[in-house]
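Keeping the supplied structure of chain A fixed, place chain B upon it in accordance with the hints.
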Amino acid sequence: MKIAVCIKRVPEMELRFSIASDRKSLDQTGLKYEISDFDGYALEVALQLVEKAGSGEVVAISVGPDGVQETLRKALAMGAARAVQLKADHVPFDGFATATALAAELKAGGYDLLLFGRMAADTASGIVGPMTAELLDLPCVTAISHLELAGGRGTARRDLEGASETVQFPLPAVLTIDEGIARPRLATLKGIMAAKKKPLDVRPAQLGKVSLTVESMALPPERAGGKIVGEGPDAVPELVRLLRTEAKVL
Amino acid sequence: MGATFAFAESRDGALRKVAFETVTAARRTADGSGGGEVHALLLGAPGIAAKAEELGRYGADLVIVVEDPGLERYSPEVFAASAAERIRTGGYRAAFFSASAQGRDLAPRTAARLGVSLASDVTEFEMRGDAVVVRHPAYTGKVIATMRLAGAPAVVSLRPGAIAAVEQARSPRVEQAAPAMAPSAARVVVTETSQRAGAKLDLGEAPVIVSGGRGLRAAENFKLVEDLAAAFGNAAVGATRAVTDDGWRPATDQIGQTGRVVSPELYVAVGISGAIQHLAGMRTAKTIVAINKDKDAPIFKIADYGIVGDVFEVVPRLTEEVRKARGH
Numbered sequence: 001m002k003i004a005v006c007i008k009r010v011p012e013m014e015l016r017f018s019i020a021s022d023r024k025s026l027d028q029t030g031l032k033y034e035i036s037d038f039d040g041y042a043l044e045v046a047l048q049l050v051e052k053a054g055s056g057e058v059v060a061i062s063v064g065p066d067g068v069q070e071t072l073r074k075a076l077a078m079g080a081a082r083a084v085q086l087k088a089d090h091v092p093f094d095g096f097a098t099a100t101a102l103a104a105e106l107k108a109g110g111y112d113l114l115l116f117g118r119m120a121a122d123t124a125s126g127i128v129g130p131m132t133a134e135l136l137d138l139p140c141v142t143a144i145s146h147l148e149l150a151g152g153r154g155t156a157r158r159d160l161e162g163a164s165e166t167v168q169f170p171l172p173a174v175l176t177i178d179e180g181i182a183r184p185r186l187a188t189l190k191g192i193m194a195a196k197k198k199p200l201d202v203r204p205a206q207l208g209k210v211s212l213t214v215e216s217m218a219l220p221p222e223r224a225g226g227k228i229v230g231e232g233p234d235a236v237p238e239l240v241r242l243l244r245t246e247a248k249v250l
Numbered sequence: 001m002g003a004t005f006a007f008a009e010s011r012d013g014a015l016r017k018v019a020f021e022t023v024t025a026a027r028r029t030a031d032g033s034g035g036g037e038v039h040a041l042l043l044g045a046p047g048i049a050a051k052a053e054e055l056g057r058y059g060a061d062l063v064i065v066v067e068d069p070g071l072e073r074y075s076p077e078v079f080a081a082s083a084a085e086r087i088r089t090g091g092y093r094a095a096f097f098s099a100s101a102q103g104r105d106l107a108p109r110t111a112a113r114l115g116v117s118l119a120s121d122v123t124e125f126e127m128r129g130d131a132v133v134v135r136h137p138a139y140t141g142k143v144i145a146t147m148r149l150a151g152a153p154a155v156v157s158l159r160p161g162a163i164a165a166v167e168q169a170r171s172p173r174v175e176q177a178a179p180a181m182a183p184s185a186a187r188v189v190v191t192e193t194s195q196r197a198g199a200k201l202d203l204g205e206a207p208v209i210v211s212g213g214r215g216l217r218a219a220e221n222f223k224l225v226e227d228l229a230a231a232f233g234n235a236a237v238g239a240t241r242a243v244t245d246d247g248w249r250p251a252t253d254q255i256g257q258t259g260r261v262v263s264p265e266l267y268v269a270v271g272i273s274g275a276i277q278h279l280a281g282m283r284t285a286k287t288i289v290a291i292n293k294d295k296d297a298p299i300f301k302i303a304d305y306g307i308v309g310d311v312f313e314v315v316p317r318l319t320e321e322v323r324k325a326r327g328h
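Chain order of the listed sequences is A and B.
Note that my numbering numbers the first sequence so that position 32 is 32, with each residue one more than the last.
Note that my numbering numbers the second sequence so that position 102 is 102, with each residue one more than the last.
Treat the hints as calculated values from the structure; they're not laboratory data.
Even for Gly, the Cβ is constructed at its ideal location relative to N, Cα and C.
Don't take every hint at face value.
To spell it out: a stretch of chain A is covered by chain B in this simulated footprint if at least three of its residues, at any positions, have a beta carbon under 8 Å from a beta carbon of chain B; those stretches are [unchecked claim]:
{"#": "1", "stretch": "11 to 20"}
{"#": "2", "stretch": "89 to 96"}
{"#": "3", "stretch": "119 to 125"}
One chain only, chain B, in its complex shape:
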C-alpha cells in the first residue's frame, strides 16, 4: 500500500494549525485504504526539524525536513519545486495541502508542476477506488459541489478548520532533504513578513468569532465587540464589508464573499443585517448568534439564536454574562 503525502505549513519557525489538519487527512486516507504510511514535508530555516515530533502526534510516520537559511520565509518557487519533486518520486496516491493563504499559492503551483489538476478548498473528502470524491462550497457558498478527481496523485487543498485535527501519536522518522532548487535562484522573493498589530487570534483559527456591522454606527463602538471577544477569551474579531470599506476596521478583518470564509464553533453577529455577501463568509459556522434591532433582518433567518434589541444595551450585558460564565 502506497504512502500518503501531507504538506506541513509553518510560519516563523512554528507549525500552523493547518499542518495538523493536512496530516490528519493523510492519516485518515492511509488508514481507510489498508494502512499505508503518512509522509509530511516540512520546509524552513535550520532548526525546523525540531517540529517533526509535533507532526508525529497527528499521525505522520515520516517527516521529510528541508532546512535552508534561505527558507526562513515562504519561497513560492522553492516550496513548489520541492513539494512536486517529493510527490513525484514518492509515488503518492494523494497529497494534501491546506487552502490557507500559503496553501492557496502553493497547491496549484505544485499540481501544475506535476501536470495534474487540483481539488481546491475542500470541506469533505473520500477516497473511492483510484479517485477522490470531494465536497467544495461554490457560488459564494450557495451551492455545494460534489466532485470527482481522477488520476494519481490526487492533489487536494483543505479548507482550514473543515477537517478537525485528531491526535494519533507515533514517533516519526525524520529524513533530511535538500531543496529542489537553490533558494538564491528563486525569481519571486518574499522580502518581509509582518505580523499585523493587535491580531492575537486569527479568524481562521479562533473557535469563536465576534463580528460587527454597520449597526455599531461608528468605528469607536467596535470596543463593544472587542470587549465581548475578550470575555470569551478565545475569540477573534471580524467585520462586514460595509465596515471595512468605511475604514472602521482593516480590510483583512472582512468576513464574506470577497473576504475571509470562516467556520468557527460560535459566530456572534453584532449589528449585522445579513447581506448575502456576508453570509457567504460565515454560514458554515456551527452556532450563530445574532443581535440586531431590526427583527426582520435576514441574519435572523440563519441564526440559531437571536436577540432583537439595541446592540448598545444587549452586548455589554452579554459581555458581563459571558465573563461570569468563563469565570473571570
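Chain A extracted, bound-state conformation:
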C-alpha cells in the first residue's frame, strides 16, 4: 500500500489576524504555522492503512516555500516514510494552479491512494483534491467520514445535508478526508529523532497558470453585538419583543 498525502502549512487559526499594508495578504507578524486540520486527519488515515496492510509507505507532499519543511518533518515524525517539498515562493489562492503542480508530481508515483484534507483551513476552498483527481483521470470521492478497503476496491461514506451517501470506487483513487474519521496521533520522541534522518526531497513546483487572484483582504465587519437584554428568565419577554420589533425575525 503506497499512499501520498498532500498537506498544507497554514497559520494557526486561533490567532488574531491583521491585514498587511498591501491590503491583500495577512500581516505575518506573530503568525505561527501548523498542518491544516483536515490534512492531519488524512495523514492519520494513511498511516493507519499502511500499518494495517503491513507493508508500503506514506509519502507526505507539500507545495510552498522552505517553511513547509517544518510541517513535512512533523509528518515524518508521525510516521511518513519520506517527504517531498514542491518549492514555490508562495502557494497561490488558485487551487487549479496548485492541483496542476501536484498532478505533475503524483502522476508517475505508482500510488494506490492519494489523500487530501477536505479543504485547507486558510483558503477554505476544498478544490485541490478533486481537481488533482480530474487532471490524473483517477476515481475520486470527496469529504469522506468513513472508509473501508478490500480487494483493490473501497467503500466510503460522505455526509450530505441531512443525509449520507455510500460510495464505491476502485483503486488507485483520490480521497479527501472529512473530520471524525481518525484523530491524528502525536509524534513520539523516537519519531521526532527518526524524522531527522528520513529523506525530504525538494523539487520546483510546476504550478499551473494563475487565473484566480486576490484583489484585497479585509477583516469581517465587527458585529455590533454585546447587547445584554437582561438577566434570568425575566428578561425573556423583552428579548421576544426585540426579536419581533427590532430584528423582525419572529
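Below, chain B without anything else, positioned relative to chain A:
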C-alpha cells in the same frame, strides 16, 4: 449576448433550494450584462423533467434535462462529464454551482475538466468586464477575500443561503439531452443515499437555528433545545464541536470551522461559550441570540441580544413565549 449557466441540484427527484439560488445568480448575471438567456442543467432519473417549470419560476429560459435510470442518485463522473460538455459547447461566460455537499464535489471536477479554475464558496459576486469579482470568507471566516477570476467560462460555486432565491417567472423551454458518458461506465458509484433520522430541516436551509453547547451539561438536556426549535416551527438544531465530540449529538450537527458553516436569519446559542472554532461556523447569521450563565463568555461579544442566566430557567420560558408569539 451569451447565455449564463446554472447547475440545478436535486435529490430523490426533488429540486434543492440551492438550485433556485444558482438560477437566481445566473439570472442576475444575464440581466446585468444586457439580458442573455439563463440555461439550467438538471440531471436525474426519468421524470425529473417535470421539475423544469419550477426552475422557470426563478428565471431559467432553457432547462436542459438529462434523464437516465442510472441517475437516480448522484453520479460524480456522469454529472461532471455532462456539465463540462454542456458548458464547453454552450459558450457560457459564467457557470454557477452551489457550494453544497454535492456542489463541492461537482464544481471543482467540472472546472478541472474545462481546464479552468474555480471561485469556491462565494458569498457575493459581480461581473466586471470579462472577469468575475467574488467575495469568499477564508481563514475560518476571520478574513474576507475579494478575488478576481479571469478567463471564460468563470466557474463559481455559491455558499448555500448567501444569494437569496428571487422569483422572476418565465416559461422555460425544455431540451432533452443524453448523459455525456454512460452511467454504467462510471468508476465511482453512489450505492445508497440514506436520509438521517430526525433531520426534518437541514441546517443549511433552516431560517432559524437553535444550537446547544456544553452548558447543557448532558445529552438528554438537548430536549430544551429541541423544544425551543419546535416552538419556532422553522428551526433546525445544531451543536458545538465539544458536544458532537462527546457523542451527545451526531457529528453532522456540528456548526463551526470543522463542521457546517451556516447563515440563518436567527441563530440562538444555548449554553455556548463562543470558541473561535464555533464562531467560524455561525458569525454570518443575521441575528444572534445568546443565553449563557457566564456574563464574560465570548459569545456575548458577537451576539445581538444576550441573556445572562441559567439555560435551564431561561430556555423553557423562551420556548413558552415563542410558542405564544407563533400562535401555537
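Do the hints match the structure? See the list:
Only residues whose C-beta sits within less than 8 Å of a C-beta in chain B count toward coverage, and the stretch 11 to 20 of chain A has 5 of them, enough to reach three; the restraint holds. Counting residues of the stretch 89 to 96 of chain A whose CB lies closer than 8 Å to any CB of chain B gives 4, which reaches the minimum of 3, so the coverage claim holds. Coverage of the stretch 119 to 125 of chain A by chain B holds. Counting CB-CB distances below 8 Å, 5 residues qualify, and the rule asks for three or more.
In this structure, every one of the numbered hints holds.
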